[in-house]
Amino acid sequence: MMLRRVLLSPAGMIGLVTLLLIVGMAISAPYLFPKGPWALVARPYLWPGSRPGIPFGTDALGRDILAGVFYGSRVSLLVGIVATVCALVVGITVGAIAGYFGRVADAVLMRITDAFQTIPGFLFAVVLVSILSPSISTIIFAIATVSWPPVARLTRAEVLRVRESEYVQSCKIIGMSAPRIILTQVLPNSLSPVIVAAAVLVATAIITEAGLSFLGLGDPNVMSWGTLINIGRPSIRSTWFICIIPGLFVVLTVLALNLLGDAINDALNPHLRKR
Amino acid sequence: MQEQEQGAALLDVRKLSVLIKQSSRQKVRAVDAVSFSVGVGETLALVGESGAGKSLTAMAIMRLHKAQSMGVEADSIRLDGQELSTLSDREIRKIRGSTMAMIFQDPLSSLNPVLTVERQLVEAIRLHNDMSAAAARQRALELLDMVRIPAAKSRLGEYSHRLSGGMRQRVMIAMALAGNPKLILADEPTTALDVTISAQILDLLRELQTELGVGMLFITHDLHAVRSIAHRVAVMYSGRIVETGNVEDVFSRPHHPYTEGLLAARPHGSFSLDGHKLREIPGTVPSPADRPAGCAFGPRCNRSQPDCESQPPSLRNETGARTSFACYHPLKEVPA
Amino acid sequence: MTKRLEITDLVAGHKTRRGVVQAVAGVNLEIAAGETLGLVGESGCGKSSLARAVIGLNTPTSGALSINGDPMDMRRRGNHARDIQMVFQDPYGSLNPRLTVQQLVEEPLTVHRTRSKAERKTFVKALLDRVGIPEAMHDRLPHQLSGGQRQRVGIARALSLEPKILICDEPVSALDVSVQAQVLNLLVELQREQNLSYLFISHDLEVVRYVSHWIAVMYLGRIVEIGPVEEIWSSPLHPYTRALMQTTGNDAMGEGPEVKLNSELPSPLSPPSGCRFRTRCPLAIEKCAQEVPDLQENGKGHQVACHRAKEWSATVSAAA
Numbered sequence: 013m014m015l016r017r018v019l020l021s022p023a024g025m026i027g028l029v030t031l032l033l034i035v036g037m038a039i040s041a042p043y044l045f046p047k048g049p050w051a052l053v054a055r056p057y058l059w060p061g062s063r064p065g066i067p068f069g070t071d072a073l074g075r076d077i078l079a080g081v082f083y084g085s086r087v088s089l090l091v092g093i094v095a096t097v098c099a100l101v102v103g104i105t106v107g108a109i110a111g112y113f114g115r116v117a118d119a120v121l122m123r124i125t126d127a128f129q130t131i132p133g134f135l136f137a138v139v140l141v142s143i144l145s146p147s148i149s150t151i152i153f154a155i156a157t158v159s160w161p162p163v164a165r166l167t168r169a170e171v172l173r174v175r176e177s178e179y180v181q182s183c184k185i186i187g188m189s190a191p192r193i194i195l196t197q198v199l200p201n202s203l204s205p206v207i208v209a210a211a212v213l214v215a216t217a218i219i220t221e222a223g224l225s226f227l228g229l230g231d232p233n234v235m236s237w238g239t240l241i242n243i244g245r246p247s248i249r250s251t252w253f254i255c256i257i258p259g260l261f262v263v264l265t266v267l268a269l270n271l272l273g274d275a276i277n278d279a280l281n282p283h284l285r286k287r
Numbered sequence: 006m007q008e009q010e011q012g013a014a015l016l017d018v019r020k021l022s023v024l025i026k027q028s029s030r031q032k033v034r035a036v037d038a039v040s041f042s043v044g045v046g047e048t049l050a051l052v053g054e055s056g057a058g059k060s061l062t063a064m065a066i067m068r069l070h071k072a073q074s075m076g077v078e079a080d081s082i083r084l085d086g087q088e089l090s091t092l093s094d095r096e097i098r099k100i101r102g103s104t105m106a107m108i109f110q111d112p113l114s115s116l117n118p119v120l121t122v123e124r125q126l127v128e129a130i131r132l133h134n135d136m137s138a139a140a141a142r143q144r145a146l147e148l149l150d151m152v153r154i155p156a157a158k159s160r161l162g163e164y165s166h167r168l169s170g171g172m173r174q175r176v177m178i179a180m181a182l183a184g185n186p187k188l189i190l191a192d193e194p195t196t197a198l199d200v201t202i203s204a205q206i207l208d209l210l211r212e213l214q215t216e217l218g219v220g221m222l223f224i225t226h227d228l229h230a231v232r233s234i235a236h237r238v239a240v241m242y243s244g245r246i247v248e249t250g251n252v253e254d255v256f257s258r259p260h261h262p263y264t265e266g267l268l269a270a271r272p273h274g275s276f277s278l279d280g281h282k283l284r285e286i287p288g289t290v291p292s293p294a295d296r297p298a299g300c301a302f303g304p305r306c307n308r309s310q311p312d313c314e315s316q317p318p319s320l321r322n323e324t325g326a327r328t329s330f331a332c333y334h335p336l337k338e339v340p341a
Numbered sequence: 178m179t180k181r182l183e184i185t186d187l188v189a190g191h192k193t194r195r196g197v198v199q200a201v202a203g204v205n206l207e208i209a210a211g212e213t214l215g216l217v218g219e220s221g222c223g224k225s226s227l228a229r230a231v232i233g234l235n236t237p238t239s240g241a242l243s244i245n246g247d248p249m250d251m252r253r254r255g256n257h258a259r260d261i262q263m264v265f266q267d268p269y270g271s272l273n274p275r276l277t278v279q280q281l282v283e284e285p286l287t288v289h290r291t292r293s294k295a296e297r298k299t300f301v302k303a304l305l306d307r308v309g310i311p312e313a314m315h316d317r318l319p320h321q322l323s324g325g326q327r328q329r330v331g332i333a334r335a336l337s338l339e340p341k342i343l344i345c346d347e348p349v350s351a352l353d354v355s356v357q358a359q360v361l362n363l364l365v366e367l368q369r370e371q372n373l374s375y376l377f378i379s380h381d382l383e384v385v386r387y388v389s390h391w392i393a394v395m396y397l398g399r400i401v402e403i404g405p406v407e408e409i410w411s412s413p414l415h416p417y418t419r420a421l422m423q424t425t426g427n428d429a430m431g432e433g434p435e436v437k438l439n440s441e442l443p444s445p446l447s448p449p450s451g452c453r454f455r456t457r458c459p460l461a462i463e464k465c466a467q468e469v470p471d472l473q474e475n476g477k478g479h480q481v482a483c484h485r486a487k488e489w490s491a492t493v494s495a496a497a
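Residue numbers (our numbering), protein chains in the order written: chain A, 13 to 287; chain B, 6 to 341; chain C, 178 to 497.
Just chain A, with the same shape it has in the complex (with noise of 0.2 Å):
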């Protein structure tokens, strides 16, 4: 029913079919490339479309760029949707408690996020990975870290919105329990705007990721997007395509990931559905 109306619109439709190829990309990496992302298929700097076979080029040490593209949507997605789920769950727990039962709870839930807040996103990220040492762990739980405060804070907003509607006090006049009346009128009412921002944590999350590893704080062990781009920026100046092709992907996933964001912010509104 939601998934009909998210294909209806031009954008909704745009947005997941290119996420779905990129997650096709992700699935089908290692039946494509079996040697993986790290073998040496060619000489170094190969221009993309000199050689068949090898349509992106190499990098700096002779690796095939569309393997690597390839392996990497697998860590970028990973790593983007994982880190969003906690983000959401903690986001989503600290602001339906904050907002739903208001006075102290809500008092100390929110200093505690705005302190998180006050810390610049990505500095916080990059001291956290440096501590912990870099792995694909410990940046998924960076990126958590510093991006549940704004979910809390959305969280909050709408329940209390919803908090004080009639049909959350006749909930209450009928006996229902707090926790569930939060958990069955307050947030299916309150989650929408909330789902929407969680395509783009996604998108942020990957952003993150591929800075990170930009910075050098990628996992050395894997290949994703932000390692490509860290593997060619000595070079930029002369072979620009090796950071260039996996940044345009990344852009990509992004955008798809907005125009998603904002169907289902459509879909779920229940009064745009048809009568």
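Treat the hints with care, as some may be off.
[To be verified] Pair by pair, the computed Cβ-Cβ distance ranges are:
#1 287/C x 101/A: 21 to 31 Å
#2 116/A x 121/B: 36 to 46 Å
#3 232/B x 195/A: 44 to 54 Å
#4 26/B x 62/A: 28 to 38 Å
#5 124/A x 369/C: 53 to 63 Å
#6 196/B x 114/A: 31 to 41 Å
#7 120/B x 195/C: 22 to 32 Å
#8 169/B x 16/A: 31 to 41 Å
[Stated by the list, open to error] Chain B residues, not near chain C, derived (Cβ > 12 Å throughout):
#9 83
#10 115
#11 118
#12 143
#13 203
Since the hints were derived computationally from the structure, they do not count as laboratory data. Computed from a predicted model, the values in this text were never measured in an experiment. Even for Gly, the Cβ is constructed at its ideal location relative to N, Cα and C.
Chain A is already provided as a structure; the job is to place chains B and C on it using the hints.
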């Protein structure tokens, strides 16, 4: 009281329609060819339930409707001898606020929250009168006195949100009077107010009307308000006028089944004492998009016959009847 | 005889940015089985605060409530959900927009785990049928219904736990006149069938007169007059009640002072001393500023809180 003056039509509306664009192809007639007139010193009440099109009618006369999504058609809209339907937007703007002024339901959103009462009043006065600032200030004070605001001088410096609902509505009325209008369009001016305050505003409007001799088009869903302020009434249902006449006649001897049903639906007794059930009108008001082909009230009407479905009845006069009504099978007798 | 609902010395307030408003300032009311108490007053008089305190949405500052003589535990209001329920004013905001009609009415039953799943379904179906929602609409969402239909669903939801007391907070004021009659008829029919007690709150005197057995008039947190419906309608004694009656064009009320109000409600933050109505009352005397008038019995259960009511009570009642 002012019988001879009431004869001349101040506002005369012929076949006014408001069309709402649903999509690029589909247009819905929210107001469907209504005709009425308001005499000098007379109050005509447009009464009806939500979706009847009464506010749209007023908006169309003032040309305040949303031009992107709505279209207005009219054979003629004459105000004080001048044809309004052919005027340009610029010319209408000049008339708006001077010859005709409007009072809205919600004065809080129609007053500017960051300007004092004085600033807004003086602005309105100088917009329509060639007056010095000092003279305009004097006039603002007069207007506030005129709408019976106690200690008017101390109220000049107030902001609208600091005033109570009743006071705000009085300020709105003062602003409407700033351009010395001949016609006032009042769109549900008492709906948002409490009963005792609403009674005060109705008293004020009635007194002002006799004092100034203006004509008034009073839009409401409140039958009490109609009874207390209007000389004539036009009952609207789903974008059309179904019955019109003097208030006394329409209320005491309605001929249209909808008018009669509306009057009977209001409680006037005690169920706990006599066990008398209220007369219901089954169903709900159709949206203009789903309006039936014939009489719009037909499906809800207990007097409807097959011929009601063919085409909508037009307003007509029948010998012996004191009101005009749009019905093929009107009520003849006074209902018991 | 014990009353179905008894409200004793109820005080309730809420904090605002400018101070604490005592919205309900010591109210005593009782409702008998199968009867309706109509509560009339203008906005800001505290009638909604009273309703919220009685239903448990706000905790009262002080006072007691009891149902059939059993005192209500103010802190564990969930226990009383099966005794007392509420119908809201706004049929648009009081139903969860994501639940179907069937789910909305079934929800209270699932919360209280009453009946088996199959029994619940048949019960809900019968209840919706009773309030006039045809089966074709049971799977619709609230926004697909008209205002009147939504209010019927709201009534069915309130009745699903089979409470004996229903608080109706302006249940018809958001509806069109022709639909109001349908909902009012439904409410009085249900009352007769199920011997329900209503606390019926409205600003509309004629609606209150139609549904009520008793009428209480509230002004700035206090009950100023209370009595059987025909008493209040035909011989209102309090100047405020008389002013309200005049706005309806009530021509049945007896010979008494004509009261026209010119001013507006004073701030509930600092209510006037003595009689709270005195600042708007054309009949106020010195005593009104000094002494708070208590509700005084005037025969037939008719009580009025006015120092001067005795002066005209004879002529008012004589005409009735």
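Status of each hint after checking the structure:
Distance hint check: the CB atoms of residue 287/C and residue 101/A are about 27 Å apart, consistent with the given range 21 to 31 Å. For residue 116/A and residue 121/B, the Cβ-Cβ distance of about 41 Å falls inside the hinted range of 36 to 46 Å, so the restraint holds. One distance hint, 44 to 54 Å for the beta-carbon pair residue 232/B and residue 195/A, holds here, with the actual separation near 52 Å. Taken as a hint, the range 28 to 38 Å is violated for the pair residue 26/B and residue 62/A, whose Cβ atoms sit roughly 58 Å apart.
Residue 124/A and residue 369/C have their C-beta atoms about 57 Å apart, which keeps the hinted 53 to 63 Å range intact. For the hinted restraint 31 to 41 Å between residue 196/B and residue 114/A, the CB-CB distance of approximately 34 Å keeps it satisfied. For the pair residue 120/B and residue 195/C, the supplied restraint of 22 to 32 Å holds, since their beta-carbon distance comes to about 23 Å. Checked against the hint of 31 to 41 Å, the C-beta distance between residue 169/B and residue 16/A comes to roughly 51 Å, which is inconsistent with it.
Listed as outside the interface, residue 83/B is consistent with that label: its C-beta sits roughly 32 Å from the nearest C-beta of chain C, beyond the 12 Å cut-off. Every CB of chain C lies more than 12 Å from the CB of residue 115/B, the least distance being 19 Å, so the non-interface label holds. Separation of residue 118/B from chain C is adequate, the least Cβ-Cβ distance of about 17 Å exceeding the 12 Å criterion. The beta carbon of residue 143/B sits about 25 Å from the closest Cβ of chain C, which is more than 12 Å, so the claim that it is off the interface holds.
Once the 12 Å rule is applied to beta carbons, residue 203/B is inconsistent with being away from chain C; the minimum gap is 7 Å.
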